[in-house]
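K.L.:
Residue-level listing of the chains:
There are 2 protein chains.
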Amino acid sequence: MPEADTARFLQDLHELRRIGAFKTGVHRPTYSPQDMESRRWLMDKMREAGLEASIDGIGNVFGRHPGPGPHLLAGSHIESQNEAGWLDGALGVVGALAMARAGLPVDVIAFADEEGHFGSFLGSRSSIGELEEAEIDGQVGAGGQKLRDALAGAGLSGLPRLQLDTGRYKGFLEMHIEQGTQLERAGHQVGVVTGIVAIWQYKLVVTGMQDHAGGTTMAERRDAGLTAVRLLAAIDAEFPRHCGPRTTWTCGRIALDPGASSIIPGRAEVLFQFRDIETEVLQRLDAALRRLVQDSNRRERCETELRILGRSTPALSDERLMASLDAAAEAAAPGRWQRLPSGAGHDAQYMARHMPAVMLFVPSIGGISHHWAENTADEDLAMGARVLVDGAARFLAAAG
Amino acid sequence: MPEADTARFLQDLHELRRIGAFKTGVHRPTYSPQDMESRRWLMDKMREAGLEASIDGIGNVFGRHPGPGPHLLAGSHIESQNEAGWLDGALGVVGALAMARAGLPVDVIAFADEEGHFGSFLGSRSSIGELEEAEIDGQVGAGGQKLRDALAGAGLSGLPRLQLDTGRYKGFLEMHIEQGTQLERAGHQVGVVTGIVAIWQYKLVVTGMQDHAGGTTMAERRDAGLTAVRLLAAIDAEFPRHCGPRTTWTCGRIALDPGASSIIPGRAEVLFQFRDIETEVLQRLDAALRRLVQDSNRRERCETELRILGRSTPALSDERLMASLDAAAEAAAPGRWQRLPSGAGHDAQYMARHMPAVMLFVPSIGGISHHWAENTADEDLAMGARVLVDGAARFLAAAG
Chain A
25 MPEADTARFL
35 QDLHELRRIG
45 AFKTGVHRPT
55 YSPQDMESRR
65 WLMDKMREAG
75 LEASIDGIGN
85 VFGRHPGPGP
95 HLLAGSHIES
105 QNEAGWLDGA
115 LGVVGALAMA
125 RAGLPVDVIA
135 FADEEGHFGS
145 FLGSRSSIGE
155 LEEAEIDGQV
165 GAGGQKLRDA
175 LAGAGLSGLP
185 RLQLDTGRYK
195 GFLEMHIEQG
205 TQLERAGHQV
215 GVVTGIVAIW
225 QYKLVVTGMQ
235 DHAGGTTMAE
245 RRDAGLTAVR
255 LLAAIDAEFP
265 RHCGPRTTWT
275 CGRIALDPGA
285 SSIIPGRAEV
295 LFQFRDIETE
305 VLQRLDAALR
315 RLVQDSNRRE
325 RCETELRILG
335 RSTPALSDER
345 LMASLDAAAE
355 AAAPGRWQRL
365 PSGAGHDAQY
375 MARHMPAVML
385 FVPSIGGISH
395 HWAENTADED
405 LAMGARVLVD
415 GAARFLAAAG
Chain B
25 MPEADTARFL
35 QDLHELRRIG
45 AFKTGVHRPT
55 YSPQDMESRR
65 WLMDKMREAG
75 LEASIDGIGN
85 VFGRHPGPGP
95 HLLAGSHIES
105 QNEAGWLDGA
115 LGVVGALAMA
125 RAGLPVDVIA
135 FADEEGHFGS
145 FLGSRSSIGE
155 LEEAEIDGQV
165 GAGGQKLRDA
175 LAGAGLSGLP
185 RLQLDTGRYK
195 GFLEMHIEQG
205 TQLERAGHQV
215 GVVTGIVAIW
225 QYKLVVTGMQ
235 DHAGGTTMAE
245 RRDAGLTAVR
255 LLAAIDAEFP
265 RHCGPRTTWT
275 CGRIALDPGA
285 SSIIPGRAEV
295 LFQFRDIETE
305 VLQRLDAALR
315 RLVQDSNRRE
325 RCETELRILG
335 RSTPALSDER
345 LMASLDAAAE
355 AAAPGRWQRL
365 PSGAGHDAQY
375 MARHMPAVML
385 FVPSIGGISH
395 HWAENTADED
405 LAMGARVLVD
415 GAARFLAAAG
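Protein chains in written order, with our numbering: chain A, 25 to 424; chain B, 25 to 424.
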């Protein structure tokens, strides 16, 4: 059976870490000189591993296995958040490279802009035909630069965009850091990901009446902030009755207008979201939220409007891919692995729409991610590569 | 007995309204050309009414009654909030002028910057020796201009600052719009103000742990925003048990850091205040707030720190001044007046520290203030002037 060369794998990872190094992490925003340097580095490594390397018009780097199938597809993204960690994305790309180096029939891919400097999953969506030219025309980066200009600056203008021949693949594998503390707390070295949660996002807009905090009695006021607080407190009390075991819900922003100490807020805007892997749970929570808003509108003197910002669908992992990784994990790290869902979005969720897909997590020290301090112990990284390669081999053998 | 010339009073008000006119209101920020024009206008009117007019080094305009006492002091401020109402402040100054025109032995004053474009009650504090040169040196306006530069630009540099001879006065009177809807709702034409509430202001700082909204389970998270919401909901439930009949409490701002939809807030800052006219009620609410914060810190995974931003003292009206205004109101508008506290701060609260003081309110249409749409019916304005002049005369007669 093919085996991962873990020393080589760690060497590749540490080489990549030097491109755009920032403190103990990296700074490689999409299409920046550092990002493009990392993509060229990757193409060299792909060729070294016997793959046919190319880059496409959105920045996807693709390494095609020249031999016979059945084939797998593996990878992740290679750019980073600003001044962020060295493993987020890079790990899945270098892990895919380790699969190729081990002799597996794998195409390796580094998707562009998973981190959303310019758009939402530009590379993975482009590769499956879900990114229109018009969207590329209209996108502007966080720094105000047009996506078209960024592509031109990176020398990508005019290149064709890769369209994956999805029928070519038995499955997609993506290794990634957990970005949470489940594995670390359990003392586990790897996690087999059961799926990627869907995110349902809302904006709650409460309309009251702006007034003087001294002149307006409690009985007269229509305080939009207070209505928002009561509604959020009701959600806090009610959601545990409807959630699943791993549901999360988060209010990330409460903006009171005008936001001064002596003025009763005339308007409140609240960002609220929940995530789960089961559509049924998502629907239950959506219904509960609607009831709570309705209830608030019946009781309160301020009207609350519930606006939907986005509703993704959960991406469930393929059971046979999971079983193969389970077996590889139990063989390499007996009792020190588990299944768990991914609370964050990943390129794998787009691949899962077109082929069996799975992810493999390794622990994040302290759960830190999107920060340069992000890290994982070398032995856990190596264990991840070992399980990834062995699991893929087991899957191909069983599928064979 | 002296009587108000209400036609003349309304004519003065409408003349002043033309200086810095903005829509149906005015724009006369402190020390602006429009503000200085209004101060010069006032000095002319003072001289016309037989007073000795002067302006001092902070912008206070003072009209001294040249005859024998016993004297009263009356007035308010003449600058406006930005693009705000024509009556806020101006009414009290022109009302004081009406007292002088009626022959009452009154010194008229227009305090500078009650509206706080550069500081907090600069004019009234200066006039009673509660404004240090060092504070003037350090103050910077909302637009970034230094107070010293603004004073120089207005031609006030080097002028001495008026120090009121507080022993000269039997009392201080300030007429003002209500800035609420108590009088309007009751169908009353004037209100005799029982005092100016104290404002106790706090900042609640909640410290949690910033984390990924997907990767961090509900059990693991330390959500500073959620702790803030629970605490505010507890205040909402608990404060009605401790408040007085006219207490107000307000949360004007909730800032979650970093404030993004997919990030668990690591920090929350909340501006909270309450107002009451009774020190005992203020102390009861302060104790309740401390208990709630303590309780939160016992239960929650995020620590809340309670910071005091300010605690003013209530300024109670003089009972004899109130009784004189009561009698004048009942004579002029039988059954159409009431006593009520002021929820907003006014220059009178500083005068009340050194002499008997009282305020007289007229209705605000729709309770609107700090907005150019602010207005009061002419007949209510005239009624206010009538009651002010008659009340002052009754007070002096009784004080003999």
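Derived by calculation from the structure, the hints in this document are not laboratory data.
For clarity, every value in this text was computed on a predicted model and none was experimentally measured.
All C-beta atoms in this analysis are idealised placements derived from N, C-alpha and C, irrespective of residue type, glycine included.
Warning: the hint list may mix true and false statements.
Claimed, not checked - Cβ pair distances, simulated, as ranges:
1. B:R322 x A:R331: 32 to 40 angstroms
2. B:I389 x A:R322: 27 to 35 angstroms
3. A:T48 x B:D173: 22 to 30 angstroms
K.L.:
All hints are to be evaluated individually against the structure, with a verdict given for each.
P.N.:
Checked hints:
1. Taking 32 to 40 angstroms as the suggested C-beta distance range, the pair B:R322 and A:R331 conforms, at roughly 37 angstroms.
2. About 31 angstroms separates the C-beta atoms of B:I389 and A:R322, a value consistent with the hinted range of 27 to 35 angstroms.
3. Between A:T48 and B:D173 the beta carbons are some 48 angstroms apart, a value that contradicts the proposed interval 22 to 30 angstroms.
Checked against the numbered hints given earlier, the structure breaks only hint 3 and satisfies all the rest.
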